[in-house]
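Model the placement of chain E on the given structure of chain R, informed by the hints.
Note that the protein sequences, when read in sequence, are chains R and E. According to my numbering, the first sequence is numbered sequentially starting from 1. According to my numbering, the second sequence is numbered sequentially starting from 1001.
Hints in this document: simulated from the structure, not taken from any laboratory. The structure presented is a predicted model; accordingly, all values stated were derived computationally and were not measured. Treat each hint with caution, since some may be false.
Derived DMTMM-like pairs: lysine to aspartate or glutamate, alpha-carbon spacing no greater than 25 Å straight-line [claimed, not checked]: (1) E:K1257 to R:E322; (2) R:K82 to R:E217; (3) R:K333 to R:D482; (4) R:K321 to E:D1402; (5) E:K1220 to E:E1098; (6) R:K393 to E:D1285; (7) R:K257 to E:D1285; (8) E:K1321 to R:D404; (9) R:K321 to E:D1400; (10) R:K321 to E:D1404; (11) E:K1257 to R:E337; (12) E:K1257 to R:D316; (13) E:K1257 to R:E287; (14) E:K1188 to E:E1217; (15) E:K1257 to R:D157; (16) R:K333 to E:D1405.
Protein chains: 2
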Amino acid sequence: MNIVKRICSIVIAFTMVAALSPAQAQDNAAARAAREWRTAHERQILDDYFAFLRIPNLSRDLPNVRRNAEYLMQAMDKRGLKARLLEVPGAPPAVYGEILVPGAKHTYVFYSHYDGQPLDPNEWATPPFEPVLRTARLDLGGQLLPFPAPGQRIDADWRIYARSASDAKAAVFSMLTAVDALNAAGLKPRANIKFIFEGEEELESPHFAQILAANKELLKGDLWFICDGPEDPSGRLTIKFGARGIQKLELTVFGPKRPLHSGHYGNWAPNPALMLAQLLGSMKDAEGRVLVENFYDGVVPLNAVELASIAEAGNDDAQRKELGLARVDGGGKSLGELINQPSLNIRGMSSGRIGEQAANIIPSTATAAIDLRLVKGVTKEGQVARVIAHIRKQGYYVVDRDPDDATRLAHPRIARVVVSADGYNAVRTPMDLPLAANVLATARSVRSPIAVQPTSGGSVPLDMIVDVLGTETISVSTANYDNNQHSNNEDIKLLNLWNGFETHAALIMME
Amino acid sequence: MNIVKRICSIVIAFTMVAALSPAQAQDNAAARAAREWRTAHERQILDDYFAFLRIPNLSRDLPNVRRNAEYLMQAMDKRGLKARLLEVPGAPPAVYGEILVPGAKHTYVFYSHYDGQPLDPNEWATPPFEPVLRTARLDLGGQLLPFPAPGQRIDADWRIYARSASDAKAAVFSMLTAVDALNAAGLKPRANIKFIFEGEEELESPHFAQILAANKELLKGDLWFICDGPEDPSGRLTIKFGARGIQKLELTVFGPKRPLHSGHYGNWAPNPALMLAQLLGSMKDAEGRVLVENFYDGVVPLNAVELASIAEAGNDDAQRKELGLARVDGGGKSLGELINQPSLNIRGMSSGRIGEQAANIIPSTATAAIDLRLVKGVTKEGQVARVIAHIRKQGYYVVDRDPDDATRLAHPRIARVVVSADGYNAVRTPMDLPLAANVLATARSVRSPIAVQPTSGGSVPLDMIVDVLGTETISVSTANYDNNQHSNNEDIKLLNLWNGFETHAALIMME
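In isolation and in its complexed conformation, chain R is listed as follows (with noise of 0.2 Å):
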């Protein structure tokens, strides 16, 4: 593309991210026919969507995971979507279904996963393979409701309580939902439409990559359609243009080979806890900018349509406040262009015992469990490579397994650093694809204004889709940004389900 034409684009996107007319707003069909489906089923899809949720989805569990998968080929082959699964040894399935257009211009691909992140049912309020309805949010006093009787009014502020309520059976589900709808209405796709759902991604999609090399004429496509992540806090309908990566690792430092008494040894023996905790502390400045060395080197500047994207973003400062934080991290930096920068967090760090189960131990090791998100220009291996790096400039040995006596005798501080081997780098897909413009009026069509955003700040599994078939990424994120996605009491709202179907429902019939 030339830079003349290339700047015209970005002009032309430009102008689309700030016409926000509230007057071109549900002037879809499509999602009309899908409000009046659940206008008139709320019920009926409340109780099918509450037995997808009991069957228990972590990504390790694979019988209910193959559970689960069984459900979706029911649920696909009784809306006529011929469904089947794409397999390879050891996996989870992922599972296909699609509607072939003759004569069909595009062929769109709709992402998403039922798969749940772990979990430990004793930091739940109610136990998360049995969905309740709550009035409104647990930690606002949201009381818990029976079951809507027939006829009864279902109100759209409820919220349903269950593991992947939000995170992401709520986007399968809503698929479904406005296949459902538009078969109802009459209303038949113009381009193929293929639906994909892995199994897997809450694990970083160890094999996706496999199938999708297996698969990959099936699953090409003009675009992918991601279809996971919270809408914006606004409360308006969200479209992301890329995800950042993730590369996950967990780092151990050693003390005594075994626990010490630490009444008698107390003063002597290294802690692994105080270890750790200085370790860790060198990698952040008090305003949460990392401080591992050329971190932030290589990141791809957002570019003036993007950053534009960002300034129509929520308000940070209410989410701020209702959050109880006095304040935030990024040195004044707004969260949409934190989120485009790569980040080191402590997902969870342990040694001994707290509480009425800690004793009075010099613990023998201390644990941090690391994710890195990555964005564009900044690799998995390569900023593995720095926090490495970083760890050896603090005066340690590092290795990858446990160290032997002999190892522990010859150095006096050693991390060990298992690096997850399932990681992916980030995706940004230019704002000015062709196809965007339509995607971005579709979704005005549905519900106006919307959000649009370069890059979302969670992380799925773009690159394999640009690297192994050469298609482009569009995220749609339809769930309610406070649904305590990845923590205990996950939850969607059903004004959030309600929407997405109207959301599917849209880009499904585009043409």
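This is chain E only, laid out in the frame that chain R set:
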């Protein structure tokens, strides 16, 4: 005591410490009687001890703690010790027994405890309350042994694995076995002998002062023997003239009100695990010296006799190597010197989760469990105030409960500090105490050379004995130093159990 007399006493005590003539070894009739009894009854003794260890004894598990007390009542009655329970409401009972000797010049009180430290059974190689024998230390390849058949040779290098095998059921059981041996040999104590076995020492003895106050006349004596703790790593019989005090506290720092998706919020929402790491990291330097202001102020220095006794201590370097440590804290000072200093230890640290249970979140809180060890001249209240002042200096607003919304929004950094109600101060008994010479001579007549320490690194509630009863204490430690006490896979070496019988028999027979 005038100064000349005091100096003489110090010189005498110093001479005693230095006089480690092996010629005196085995020169004790009571110890010989204990050895004969043990040699003739090893299998029966093990069987009895296993039965005691099978009774779960976590301090908070009151029903089982009471079963231990009942076991001890029966064991005392069988030996003619006129057992009774000393109780205060809501607390584990102390078990008391006595041998009163008409015309006795002295009264000696033998203290130990029968409760055990908290544990996680998943961390144990075999269940903590199902004692087993092993050929050697577990981590050095010790193999499981069946319970010895009648007549089978029992090796003194074998170890028993169970919670409290060392700490402190070994001492309790040793005293009872010593009474058996003395009874069998027809040896009658010359002093009044009183036994008191506490049931909540591992919770820092929250009710023990009450028990002492309610039984002041009964429990007063010329000297309390504190029978607890590990011997010097050299394997010498170990006499300690005091113990560090302890004060525990739990420190929690706060991030967002609910855990957040680390992708969508990473770089923006402050991570409490990182904040805690930086806060803990600020408390010590790279050599383990505490950086909390005034932390070492007021420490009463060791006198010449005390310093001399430390110089006799074990081989730190052999221990260091055995523990797999290429370096130790303390800037070159010996373990013996370092346990005569106050300490700050991280007992446990937790935020989010690690391993396969880790989720991609920014945690909501991060917590560290800390124990402060105290020495003479440093009080529990004083040390806590210094630590809190340090936390404030790092920019934290300190609270003693979970912050409400207004507090959260008013303070950028909030630390909750919960101070344990049951700390106690250090005690150091003067080495020139008149009865000390008698005790040291008796110990040397059992097994020479002995190790003499001014302070045990570990803590026992000596301060309340001195404060409430006005009685001085001397500690006698007989467990193997490498017993994993307070941790998983706690053990006692049979040699140490055997030696304990002899030591306790000799002390019970002291004039």
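Hints and how they fare:
no., hint, verdict
1, E:K1257 to R:E322, "8 Å, holds"
2, R:K82 to R:E217, "17 Å, holds"
3, R:K333 to R:D482, "21 Å, holds"
4, R:K321 to E:D1402, "17 Å, holds"
5, E:K1220 to E:E1098, "13 Å, holds"
6, R:K393 to E:D1285, "17 Å, holds"
7, R:K257 to E:D1285, "22 Å, holds"
8, E:K1321 to R:D404, "12 Å, holds"
9, R:K321 to E:D1400, "22 Å, holds"
10, R:K321 to E:D1404, "12 Å, holds"
11, E:K1257 to R:E337, "23 Å, holds"
12, E:K1257 to R:D316, "15 Å, holds"
13, E:K1257 to R:E287, "19 Å, holds"
14, E:K1188 to E:E1217, "23 Å, holds"
15, E:K1257 to R:D157, "21 Å, holds"
16, R:K333 to E:D1405, "24 Å, holds"
Checked against the numbered hints given earlier, the structure satisfies every one of them.
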